[in-house]
Amino acid sequence: MRRRAFLEQVGAGLGGVALAQLMAGETHHAAKAKRVIQIFLSGAASQCDTFDYKPKLIEKAGQTWDPGEKVQLFQSNPGVVMPSPWKWKRYGQSGKWVSELFREVGECADEIAFVHSMQSKSNVHGPATFMQNTGFILPGFPSAGAWVSYALGSLNENLPTFVVMPDPRGMPPNGPANWGGGFLPAAHQGTQVRVGQAQPIVDLERPRGGYVTEASDGEGLALLKQMNRRHLEERPGDTRLEARIASYEMAARLQLSAPEVLGIGQESEATRKLYGIDQPETEELGRRLLTGRRMLERGVRFVQIWSGADNGFPRRNWDSHENLMKDHGMLARELDRPLAGLIQDLKGRGMLEDTIVYWTTEFGRMPCSQGSLGRDHNPFGFTSWFAGGGFRGGVSYGATDEWSYKAVEQPVYCYDVHATLLDLLGIDHTRLSYRNNGIDRRLTDVHGQVIRELIR
Amino acid sequence: MRGLLIFLPALGLAQDASYEKLVEPVLEARCVVCHPSGSGAGDVSLGRYEEVMEAGIVTPGKPEQSLLLRLVEGAAARMPKSGAKLKAEEVAGIRKWIEAGAKREGKGESGERVWWSLRPLRPGAQRTIDGYLEQRLREKGLRYRAEAPRRVLIRRLSFDLHGLPPEPEEIAAFDKDGAPGAYERLVDRMLASPRYGERWARHWLDVVHYGDSHGYDKDKPRVNAWPYRDAVIRALNEDLPYRDFVRQQLAGDVLYPNDARAFEMTGFLAAGPWDFVGHQELKEATADKKLTRSLDRDDMVANAMGTFVSLTVHCARCHDHKFDPIPQEDYYRVQAVFAGLDRVDRPYDEDAGVFARRRELLEQKRRVQLRIRADEDEVEFASSPELTELDNRIQDASLLLAHLGTPKNAAEEAEKKRLEDRRVADRAARQKLIEGMTPRERFERIAAGRAELKRLDEELGRLPKPKLVYSGASYFTRMGNLRPALEPREVAVLGRGNVGAPGKVVSAGAPRLVGGLAHEFGSPEEGARRAGLAEWIVSDGNVLAWRSIVNRVWHYHFGQGIVDSPSDFGRMGGMPTHPKLLDWLAVWFRDEAKGSLKQLHRLMVTSRAYRQGSETEAAAEKVDAENRLLWRMNRAKLDAESVHDAALWLSGKLDLRMGGPGVRRFWFKDDHSPVYDYARFSPDAEQARRRAIYRFIVRSVPDPFYERLDCPDPSIQTPKRLTTLTTIQALAMWNNPFMVRMAEWFAERVGGDVGAAVRLAYGREMRGEERAPLEEYARKHGMANLCRLILNSNEFLFLD
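Order-wise, the sequence lines are chains A and B. Here the numbering used here is used: the first residue of the first sequence is 50, the next is one more, and so on. Here the numbering used here is used: the first residue of the second sequence is 452, the next is one more, and so on.
Note that these hints are calculated values from the structure, not bench results. Wrong hints could be hidden among the right ones.
Stretches of chain A that chain B covers, calculated by requiring three or more beta carbons in the stretch to come under 8 Å of a beta carbon on chain B [as the list claims (entries may be wrong)]:
#1 213-224
#2 257-264
#3 282-291
#4 320-326
#5 361-370
#6 463-476
#7 487-496
Where chain B lies over chain A, by a calculated footprint (3+ residues, C-beta under 8 Å) [stated by the list, open to error]:
#8 409-423
#9 439-447
Cβ atoms here follow ideal geometry from the backbone N, Cα and C, with glycine treated the same way.
Bound-form chain A, shown alone (with noise of 0.2 Å):
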């Protein structure tokens, strides 16, 4: 990765321009995935209440938990057992539980492999996003769609290679850090898109009520080129003066092509439907899952998008501490049909082939309740999730104990999911290194296992 990286030094755009172009799409090995699509679920998603089924949590509702240790939680002692809310049913030929909370995904279950022996190193929000978005507890490091758009660059000079899309309500803990390109080249951060917005990019659009015009920008840019083609041939030999030159017309361009993938309106009302746009609960989700898929389609290599806001209230995100069925069922509603709907969509077009749909969040909650209708953070067990671009449909692997507290069966950090993700990209996890401050960093830090057990 050497050469790329100067290469970037001296010049790249939103994927790079010129030579660094020629070794977009090199890869380590053969990829099954091109692209990835992650749904982020901020402030802890329950996994006892979504696709964790323990029949244990019914059984002994409402009586004292015991699980043969002292618990360490968060804020508050350990209340008592306290099931889902939420009825259970099996999905599919594979015959998977999920709860009633995601019937909708339920139904996709036969397309998924579902980790549940998930673990973070660290039970507050704020290191525990870091640690699924970066691979490290602490702030300043690059995100995982970072590391993909630097290894990968883009398949569409036209569009950024890693797109953001945060909850409307607000920024998750830690805020646009989670997706920040750390010490890689600025061109790998996650670019903010806000679905539905007048500026969905910041920046994109020609200033408006001033003194610029249409007219003004076009000849504007030929007479800036002009200028800087005449300061380059005075200096001759400098790639950093015509890649600059490029980057304006990348930027037109970009332009451009903005607005035609934001276009939803182009899809078909049975695609819309698809994604819940028709509904009003679902309808903001599935505006951003839909223009996510376009933009998948159209070369972008990875979209992360955010379920779920600060923590604050009334209540934003997963962080369900006080009222778990009022707050999770809220999310959920909002997320189920759209989600269901991409997978079936991507499926439909013959792009879940290459495509990784992937469902994270920070850490689980616990089987007991806190206070009497909530639940508190669980490091220790948690269920991620994943969908096409290789991966076997409806398996699970790994395993919590009997009551969704702990990971006893194959314990999986994120480090294992990254490079598990890294390898359907065609990327050996322990070779995509960038040196920083003396340390030749990984995603994966010094840890990961490719899971082998989960791809076809």
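Position chain B relative to chain A; hints supplied.
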């Protein structure tokens, strides 16, 4: 990118049995840390072959009689004392070498096998910058480019020293000054300007990862961070000798008692990010709390060591450093230096008398608090099934009340009242239970202590209102679960960095890899430890520290350091292109300039190397494409702050007031999780006209304009910024409301005078062939649009 210049010991591969191949690399990697040449532990030095042989631990030809082998062999090996045992093949190598007669290849006296950055400073003979550089160029058949024209020089120098374009009057004066020494006089004028400190403080703040908010979740504004930023600016402008610059940042409160300026400089200790939730919300004694504190100290260690001695000591958190002679224990010894600190606002006073009194009273409070801490903890952490039950009910009520928010109807109103009443009753019951469980004397001791604290608080309250700086302190008033350490916390070596696996408890000290320096300062006094570390850094013999600072300054002037990894002088870092030059600069700066940074700047920017042209040449490109030998000056791109400040300067509206709280270029809402919104900020706002150094830097939500212009993430130490040229950067330059407005004001300032716009932005006269197209465009679309083009042009953005 740099090559991998690592000398990996080729163990087990060597066919012969020489000292150099089999033994020296092992000793160097694992033993000389504690047994350096001339001053090894237990009077055993292993730095040189002769020393190894004189130590009496090797009997040539007789491995079984050689103590060295017995010490390192087998599972119960006694050496090395820290870290892993030697590998089997390493031990086998030593055995083979002894069997073969314990010889070495080299003739004559052996050299010390020490990494370049740890060797003594050896300046060589040239003793001018150009002397060293030109010698290397001559060897390669290269030479300097001709001196750059004056208008190029002044623009280069102005952005380099001030981060701003040169004033037209300054350009004219420089042009007219035909007397010898005109350039030197220009340099002196520029170094005397306060704009210098503002410019170079930004470099320093990059290195120390300064920010105005904490980072992580619930990223709170750090409203008293700025006095540190201002103190750095002032220190640079006043040319504070580098020794004092270092001492004040690490221990200004200890070494310069009652000096407000030195106290502000301790903001360094707390410059990096901080996990509010982990520190203030997590309960004491939980694993996550321990982890939070350990990582907080880790940030302090990385900042102090990376900044001042260019070492990546923090790589030894989980295991011995893989590349440099830093055992894990050494890392934790540096952690112990900071073990008494938490990041908080600290009060201080301009009046030395008041300040002294305040410190005295705070010290008394600390002692009282220390006296009653055990009793208070007994009460706070008392537990029984009944208490747990009540705690759960109280928390349940609190959760439900928070979730309920403001009642929207009568039913919710009633629910709120019910929960509140229940909580009041439960709290009363809890208090009663505690009283029942606690001996009366304990309450009495606590009450007596608290009465004393109250009296001291009253006295503190009678002092004038103090100023505050965000720094590190071992005593402060508790905030939630953020409790003062009162005295240094115990630091133990953590197996694999795991807080659940504490090992040997360590005392405070410096890494032992620099020979000949006192590296133990395990005082029980918190401040003495920091003072000890500061003195270790600034001692004459700390070769790392002196090399580090001169290389940093070189890096910013020339665009590339003599060592291109300014915060890593270890084996994973770069090698110096001109080691003797680096050493001479270090010695000169330490001894001749007495640590005057201004003299160092002057030395560098008056060199012919700095003053040469930046144009390339095909033949020289073939020999040294990266220009590591400086056969031309490097063409620099303006950084984000310079773009911002220069645009404001061109607009004629730059506000040069110095100092004060950070300028908020965003809309802010304080909340459970604060909101920072850059889209809701107008460039017309009065405060938008201050220099970029004064902007309020949010860690979690970076300003998109600055971020796109390669402003680094303030949560990581950035000794050198990347320069990228991206599409989104072009969009920021072209469409960002700030840039669009600056172009408009720039146009107002120059009226219709296209020539004036060119002169101001580029520092040169308009050329004949430029006139027609520029004027025609201005006529057609207005001057503001033309000024927008100029602000987006490469000539504005690059410095020849």
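message = Hint by hint, where does the structure go against what was stated? Just the numbers, ascending.
response = Structure breaks hints 4, 6, 9.
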